[in-house]
Structures are given as structure tokens and as C-alpha cells.
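Let's have the full structure, built from the sequences with the hints guiding it.
In order, the protein sequence lines correspond to chains S and C. If you're matching positions, the first sequence starts at 63 in my numbering and goes up one per residue. If you're matching positions, the second sequence starts at 14 in my numbering and goes up one per residue.
A hint or two may mislead.
Over 12 Å on every C-beta distance to chain S, these chain C residues come out as not near it, computed from the model [claimed, not checked]:
1. CYS59
2. TYR74
3. VAL110
Below are the DMTMM-like pairs computed for lysine to aspartate or glutamate, each with C-alpha atoms no more than 25 Å apart in a straight line [as the list claims (entries may be wrong)]:
4. LYS145(C) - ASP230(S)
5. LYS313(S) - ASP273(S)
6. LYS445(S) - GLU84(C)
Listed below are several chain S residues computed to face chain C (Cβ distance under 7 Å; list not exhaustive) [said to hold, decoys possible]:
7. PHE318
8. ASN406
9. LYS1120
I should point out that these hints are in silico values taken from the structure, not numbers from a laboratory. Ideal placement from N, C-alpha and C gives every residue a C-beta, glycine not left out.
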Amino acid sequence: MSDVVEKTLTALPGLFDSQTGAAKITNRLRQLVKSITELTSKHEEENLIKQELCAMKEQVSSPNTSMKQMREIMVRAMYCEMLGYDASFTYIHAIKLAQQGGVLEKRVGYLAVSLFLNEGHELLLLLVNTVLKDLQSTNLIEACMALTVVAQVFPKDMIPAVLPLVEDKLSHPKEIIRRKAVLALYKFYLIAPNQVQHIHGKFRKALSDRDPGVMASSLHIYLQLIRESPDSYKDLTGSFVTILKQVLGGKLPVDFNYHSVPAPWLQIQLLRILSLLGKEDQSTSELMYEVLDESLRRAEMNHNITYAILYECVKAVYTIHPKVELLEKAARCIGNFVLSPKINLKYLGLKALTYVVQHDAKLALQHQMTIIECLDHSDFTIKRETLELLFRITNAQNVTVIVEKMLDFLRGCNDEHTIIHLVGKVSELAEKFAPDNSWFIQTMNCVFSIGGDLLQQDVPNNFLRLLAEGSESKEEDDQLRLYAVESYLTVLKGHTSHLPQCFLQVMSWVLGEYAHLQGSVDRREVIRLLTQLLDQRSVSSETRVWILSALTKIPEGQTDLILHLAERLSSSQDTVLRQQAQELLHLSQDSQLHEWVLPRGAPWDAIEVDSSLSFLDGFVSEALAAGAAPYKPPHQRQEELCEDRALNLEPYSFSLPVSLSSCSITDRQSPTLLSVSSGLSGNSTELSQKAGSSTLILEGVKRVWGKDGYLPQKEATAPLVDEPSAAVQPPVQQEAAERTEPRPELSTRNQDKQQLASSLFVGLGVGSSVSLLGRSEAPPPRFRKKPRPHESSSSGTSEKSSGSSCRSSHHTTDIFLYGSFLEEEPATSKSAFDHTPKSTTANGLSQNKDTKEDKHANTSQIFGGDMVIVRPSTIQDKHPPSESSDLTALLPADLKDLPHSDVISLTSDPSLSLSSCRLFRDEALLLLIFISNCTETVIKDVAVQLTCEELKTASLRGNIVDCLEARSTSVCHYALLMDDPHTNVSFTGTVSYQTQPGHTNTLPFSGTLSTADFIRPLVLTTEEYGKLWLSLSHDVKQNLKLLTDAGDPLRTTLNALKDALQLHVVDIIGSEGIVACRLLSGAPCLLHCRVSGAALVMWLRSPHPALPDCILYHCQRALAHR
Amino acid sequence: MQFMLLFSRQGKLRLQKWYVPLCDKEKKKITRELVQTVLARKPKMCSFLEWRDLKIVYKRYASLYFCCAIEDQDNELITLEIIHRYVELLDKYFGSVCELDIIFNFEKAYFILDEFLLGGEAQETSKKNVLKAIEQADLLQEEAETPRSVLEEIGLT
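Structure (C-alpha cells):
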């Protein structure tokens, strides 16, 4: 009977009173599920769901459907969506349900919303009001639901609407609400960090919440914050260590235990945070040694969860500043992982080893037998991780074996991502360590045929560039090229139909360019092989273009073949091919023209390409006059795109210049006849070559293949082979290996393995391995986005670099120096900023002593907190007022050495005169304001107030003077910071003073500062420059005037810029120069300058979108005003 | 965590939770690919899988596969324990949970998940607290339900 009712209801919704069906309704999902399981085919399921969805559609649009029925429909809709059917018509009803339903319906409604809608979905806007209402509800459950949904899906633009309410919840009496609020804020931070900037203080409160759940939730935020800028949170290290200690000591409620381990999630989160804080920071690391040791010791129990903690611990130990004892313990732990019979632990062991060998290659030696076993493991995951490990320990001696293993793996692999990933690594290893020409070419052949068209474009491009550019020794280059030609001819003589397009393109380019080197091969044969390819169907039209342009380069006397070919192609449907055929025809008939268009063996850099496209200027101005939109550089367009969309999720592809640079190789005889920028030659090609492999880590290994081709002698000083130690197995290891995998033919097997081991692990012996404790000398810098200037100082550049690195931890001396200027003391409040004159009297006397004491406290304040707490103090110099030019004499002794500007008069009135001087400190601009009393009487209560919206005041001093003696001058210091570059900023201010008690005068003043005042030289080496260049995204390119009045135009121009803007000229090579600077101690900006005719092509890059434009502006001005 | 999927040995999806915004098409594609890949793996193999640029951590409980996607720097083992904790929670809530419980009460399973993980991060790791939150909400649900069904019965009669 109930079935009948059910069916009738489905068929005739709305005819019945909706209440009739209500009793049965809860069973509807049950029935749906049941009937689906009874079905036998996908087709039947589709039909059934279709029916179901139809019935639901009618039901939801019926006015008689109650909220309760709606809830049930929603559950069914969720089910249908999970099965993969579209129930989007219910989305709006889900929102309605959350809005109008009782608690019960609301719950389902919110759930449906969070499952159905993405962050960007427009319907979410309709939810905002409901959320607002529920956030204010006194019903705990409703508030919980609202917070839950906010933390999952919420439109970015609407965050400001709910933010105050969510913030309030941080002080809610119920811990569950506080916890959810913290997580909602975490979510907000992830999608819109700017919006929650002001509540960082509240995060600290959450961190010290009495409920461990709330505290643990706040760690998510801290992990993220610290990942982004570890330096700002060093002061919290102690707190994190204490929390971890308490957790380890079992101070948390037992509820938080998991398999009798206290709060493992919390522990892991803390370990991660600590490792970020202790990275490259000895003093911070020292704070955590003890607790890490305890962590390692406590995690004894044999359960997954303790291993998870151990793993995190080991990682932390190897990340922070090393301590021998801990390293030894951690290494033992890794041993336990690797030797474990449990496969999950083994995997993690391999992963840990991969991480650790970067610091200490010896560890891999200890586990070589296990590694070799894992190499043949049946599990794909294990194998792949092992290869990753091997990749890290590759050197010139084991490269052939390791590459062979990788290629073997690749041949049996059909996962696209893995192939792309590994093939890139193989080609990188081949370039770096190739023992000889034939091996290199053969390996690259494998790379091309396996990687095929999945390969990232930069792999073939790099390869071709390497062949094309060659080294100093033409002989060696030609040998390599010759070998390539020979090898390709052999390949082409075989079956070619299966070869990937990219390989064919590489081959045809090489043959076109270098076939003439091979004297013994008949040209006709080459032409025949290439023409044959043209006939194949599988060959894409792009490849045909490559082949044809290769054919264009070869001919010389083979006119009959060429004529035949050109004729055949002149009727092709492909216009590009037709055009090329025409060109081919003409060129083959006119050898002079051929020689002129395609000169053989011409040096690469001699080719002039007007990359600024100045010949188009006329066209552009005409178009602009006709109303065309002006050109926008790519970064600007990207930004606009970002603004259009609320949330940018897809990663952007490499910005345009890189892709351009990667085609520059083909640009001489560009097959597609595109005019491609050759703005990159000489030095910059090396950069762009690195761009190709930017996803890979190039460090730690010597380059054998470089811009200069194969460099066998020059850099073949590879570490001595330590074969004996590798070949002779430590007995323990051998035993362990036998234990894990006992096999009948043990002895022979083992022999094989040992042989393999000795070939895999050569060069990792004690002598050649990287010593961990001498880390400062040994491992070359890893790829980093942010430049770390202290590295450049260690790599032997000028001493000055250490000055600019006030952020790095061990430059305490620098901090000491600067400490006195950033006088910050927690005790006084921000109100001191304005007028609290009385506080200064005492300071005036004991000032010197004070500052000294403060220095230590200051440093932590300066680098730790965001808040500016300032205590003004005064320096009164009892000098007679004099000409403003003499005012520089008033500079405090410790500031005298700093570069500074001239003293400019700001303003004056009969009693006071104000002048200013800018001092360029590395991390701030010091604006000194000299206040001179021009009268013969004492002036009291002098207070300076300076405002500038674009700048941040890091500290100030001396802005309040109680009493300015007659004819004396007081100095007021402002340390200013510029976060966002502006070409020029103006500041305004007032001085108030009393000549007679009770009668206050004010004197306004104003002035301007330019970005140039905030630019500091960035000292780095050419290599570091190259790396940094690649990591930067925003770029601007422009032609500037070249100063030709003195000897070397490039040098003159760069020096002029250097003088005007405090840039650092990194290197000048030929007609190119690279220059670096930064915005105070913040965002770097790299400049690449190249002389092109009478212009200087300047290419700027920076992580900050506005910085390049700004610097460009000042460069232009500097050059124009000479 | 990027997402969590529950699917049966037959490859039927039982639960899906996405912590990163993706379009439906992409979700379906990922689900299809992952279900295939995970089901093809042998029982003795390790629970981790490199997939695209993500790490997949999966574990089988009876006829159900629990499968999480995490980023490379995340800890695989702890993710495995997150799965286990979730199973424990389900078990405690339903009383020795089986696949059918999750099929028929999947919305409950979602509620529990939302109390345990929020926005892809562990929200509350204390088993007691999670269940307390769920029970409170359920209690309210029953209260709300009783008077209504009475009314409806009146309406029926």
C-alpha cells in the first residue's frame, strides 16, 4: 500500500495535500538507495535518477511543499549529486532552507550549501544575510552552523560584512564557538590576508586560550603566518616550546590523547612551526634543542602516530641550526624507518632520507642496500621515491647508472605527471654530469622519445641552445654537433612513425644547422630523409614547418630535389607551408640571397634584432590616434584579470618574457618566421636557460654542461672516488638487507646488488660528502625566492652586503648599530607619539645609558612585533645656530658615516627655522629635522608632528623638546619606511612651540621624498641574480636614453644610474649589464640592461608589481637630467 | 588537506568533501581517476600515492576506501591517523559502523566530518568533544522533530 501511495505521490505532486506524504517521506532516500542497488545497468540507473530528479523539480517548485519535505528533498539531491547527476535546480532551495527552516532544516540546508556551492558561486551572496542573522543568534547550534559554513565557503568580497561578528566570537564563553571562529578567521586569512591584518593581536589571545582546542586551532594560522615571514614571530618561539613541553609532559586533558599519545596533531603542528622558526637561526634553534630531544625520546611506542611525530621531529632537527647530538639521534630514527618491514614507514624513511641527503650525503651510504631493494620494489610509489632520492645524490661518477635506472622506470611508466617530472630530472642530470658526447646525445634521445610531446618546451629549447651556443672551443662543439647529426641520421633511417613531434623538430633543426659538418654523408641522403618525414601523416603541421626550414638551410647545389619538393608543396592547403615552399624556391635559386638570409656559421650574438620593435612606432602612434587601446604589459593585464575574478585559483603560466626567451633559439631561422625577441643573448641566455629548468634544483652539483657546452676538463674536478668504502659493505647493513628479504640465491643476488651499490653510491664517501657542521661552507644556496644577502657576503662579495642584511639573525652587530635609532620600549604606549611632553625630561639626562640598555630589548621589538611603540627622547646640541649647510655637523657621530643628502631648509619664522636632511640607512630612511632657535630667548614645548599617508614611521626621536635654549638647535629623527612604492611622496607637518607660556605658535612645513630615497643597493653575485630573476614575476621593459658622451656608453650610463639611485651593478658583460636594488630591506628589483643601437633596453623585474615602474621612472629622470 | 573521498570497493562514491574550490567537471574527473588508481593497488602496497602534484593517502576499512589528498609538505602518517580518527568517530556514533550506515545516513557522516575537520584542517581532535557537539545538535533535532510530527499526525487524522 505504501508503495502505491509513494508512486502516486511522485507522479502527481501537489495534487495531494503535502502533509499526506510527510510520514513516509523519511523513507524516500532509503527507497531510492535500495532501488538503485537493485538495478543492473548504468543505463537503468540513469533513467531512475532522471525520474527522481523530475519529481523533485516539480516538488520544489510547488508552493505546498513544507520545509520538512524540502529537507528530505535536499538530502536526496545531495545523494544524486554524489552519484554524479546534476541537481543544480536545488541549489537555490538549499539556500532558502538554510534561511527559512527551523534548526533542523537549517542544518541540512547549510550542509547542502557547503557541498553544492564553490567559493566563487554567485548564489552564495544570497547566503550572506542568513549567516549574519545566525551569527547573531543566541542559539548556540545556529551560531555553530553559521561559523562552520563561513569557514568552508564564503564569498571573498563579503568577508568585511561578517568579520566583526566573527571577531566578536573570539571572546565567546563557549570554547566550541571560539574554536570555530578561529578557524573561520584562518580561512579568511587564506583567501584575503589583507582583511584580517588588524586582528593579529587577537590571534595571540587565541594562542593563549585556556581551552587546548582553541589554542590548537590558532596554530593553523600561526603556521601559515610563520611560513610567510618567520622573522616576525621569533619572539613566540619560547611560547611554542613551552606548549610543546606541556603537551609532552601530559598536561592536557586525557580527551586529547590519541592511542595514549598526548595530542599528536598539536605536537606535529608545533614541530612544524618550530622548524620554520629555527631555520638558519642559531639562537632560536638553541631554544628548542631540549624539547626536540625530549620529543625524540618520548616517541618510543610502536604505533603509527608516534612515527608520524618522529618523522616531523627528524625533519625539524635537520631543518634548524644543526646540533650534533640531535642529528645523531635523528639519523638513527631514519634508520628505523628505512629498515622497518612496514611499507608505509619505509616510504617515509625514503622521504626523510631524500630530505636529509641534501644536508648529509653520507646517510644514503648507510642505507644503500635498502635503497637498492626499494629500487626494485613492486610498489610504484616506493620506486618513485627511491629515484627521487637517487636524483639527489647523483654526481659525475654515478650519473650513468642512476640515469639508466630512471629511464628504465620511465619506460614502464604511463602516468603523465610522473613522466614529465622525471624526464625533466633526467635531462637536468644529463646536462650537468654527462661523461661524454655520445652518452649525452643518447640520453637526450631517450628523453625526447620517452617524454615526447609531454615534455615541457624548455627541455628541447635548452638542449638546442646548448648545441647552438657552444663553448670557447669550437672543436669540441663541433664534435658534439657532429655526434648529434650522426645519431639522428641513424634514428631517421629506422622507423620514424612513432617518434614524438618534439623529437622530430629537434632533429630537423640540428640537421638543418649542422648536417654540413658531416663530410661523409651525402646531402641528398639528408634531404631524402627529411622529405620522407614530410610525407608521413603522423607529422604535425608545426613539425612540417621545422622540417622545411631545415631543408631551406641545407640545399647548396641540390636544386633538383628542392625544386621538386617546392613544386609539390606549392599546392599544399596549408598557407604557411605554401609560403615556406615559395621561400625555399627563391632561396635555392639565388645563392647570394641565401648566403645573406641564412649565413652559415655566423656567430649568434651578431644577429641584430630590433627587440624594441621601434620600426612599429609609427604604426602604433597612428593606431593610438585612431582610438586604439594602448598596449598593456603582461603583468598589468594579469593584475586586471585578478581583479575581475574574485579568487585566482589556477597558477599562471610563465610570464611572456620567459616563453619568448625559450624560443629565442629558433629565432635566427625561425621556422614560423615569427619575429621573436632576441633581447636575450650572452648573459641573459644563460638566465633564460636556467629559466627552463627553474622547477628543478640545480644546486649542489657541478655543471658539466652549461652555456659553454660540455666542459670536461674545466670542471671535472669532481670529488675523489671513494670506491672502497662504498663497495665494502658494513656487515650490519648486509644483515639487515638479508633479514628483510631472504632469498634462496642470496649470494649471487647480493653480489649483484653490491655491484650496483658501488656504482650508485660512488662519490658519496666521507671525503667528498658534505659536512653538516661546516654547513656554511659546504652546501651551495638552495633556491630561494627571497634573497638572503648574508649569503652573498659569504660568497665573497663586498663587505657592504652584510650591512644590508639586518634581517638575518646573526647580524647582531648591525642591530646593535641601528638599535639606538629605533628606540622602542614596550612600557610606553603609542600615545607618546603625539604630545606627552613630560615624559621626556628624565630621558634627556640619562639618555645615553638608556639607549644602551634598551638595545637588546629593542631588537626583539623591532623584529618581533608589528606595533610601533615609541618613546621619544631628545638630543640637544648646544651648538649655536648657523648656516644650514653647517647643520650636518650636528649629525650624531654614529650617523656621520651614513650617506646623506644636503641639508634643505624647510620653513622658518622669526623664532624657529626648520631644515631637513635625509640619511640613507639600509632598512629605513632617516629624516632628520633640525629645529633651530633663532631668538635670544628660550623656546618651550617644541613639538614636531609629521604626517605622510604613504609612509610608515618606524620610530621617531626628539620630536618633543621641552626647552630649546637660545641659539641652539635640536635634532628630530624620523625613521621612515615605504611599503608600497610611490614615485614621489609628500609629507606635511607642523611644529608647535611656546615663546611665552600659554601662547602656542604653530609653524607648518612640507616636503617631498622620492622612491629613490628608499632604494638601496642589493649586493649579490651573478649566479644569485640569475636565480632571483627567475623567481620574480612582475616585469617591465623599456628603452632608455644611452649616455654616449664618455668612453663606454653602457658603463657611463650604469654609473650615472648608480649615482642617482644607489643601485648595485652586479656585472657587466659585453653589451649587457645587470643591476640590482631593493626597496629598503624589502622587495628586490632586478634590472637587466642591454645596449641596442643608441638605446638602452632596460628590463626590470620585481616581486612587487609597482616597483619596476617606479624605478624605471627614476632611471628615466636621472638620465634625462644629465 | 585538499579533499576527502569515501568510496566502496565497487568504486561507488559514498562521501566527498572538497576543501579547495574546483568545478564539477574537474571533481568528477579527479574522482574517477583516483578511484581507479586506488582500487588497482594491491593490499600490501603502501598507503601513499603521488598523484599529479598531490599526495594521496588512502586506507581501506572493510568495504570502504577512505582517501585524502594532501600537499607535498604534509605529513602522510598523521593523515592516515586522521582517517582512522574519523572512522573511530563514525564507529562510536553509529555503534560499529558499516557501509550501509554511511549510505543511508550520509548527511550524519558529513556532520561528523564537519565537526572534526573544518576547512581542511583538524578542528577538534578530542573524540569526546566532537561527539558532544554532534549529540547536542542531534538532541535539538529530536526536540524540533517531536512536536511537528504530532502536528502532522493531527493534520492527518
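Now for the hints, and whether the structure bears them out:
1. CYS59: Answer for CYS59(C): violated, closest chain S Cβ roughly 4 Å.
2. TYR74: 15 Å, holds
3. VAL110: 16 Å, holds
4. LYS145(C) - ASP230(S): 24 Å, holds
5. LYS313(S) - ASP273(S): Given that 25 Å is the threshold and the Cα spacing comes to 12 Å, the pair holds.
6. LYS445(S) - GLU84(C): Given that 25 Å is the threshold and the Cα spacing comes to 20 Å, the pair holds.
7. PHE318: 5 Å, holds
8. ASN406: With a closest approach of 5 Å, the ASN406(S) hint holds.
9. LYS1120: At about 41 Å, which exceeds the 7 Å cut-off, the nearest Cβ of chain C leaves the hint on LYS1120(S) violated.
Checked against the numbered hints given earlier, the structure breaks hints 1, 9 and satisfies all the rest.
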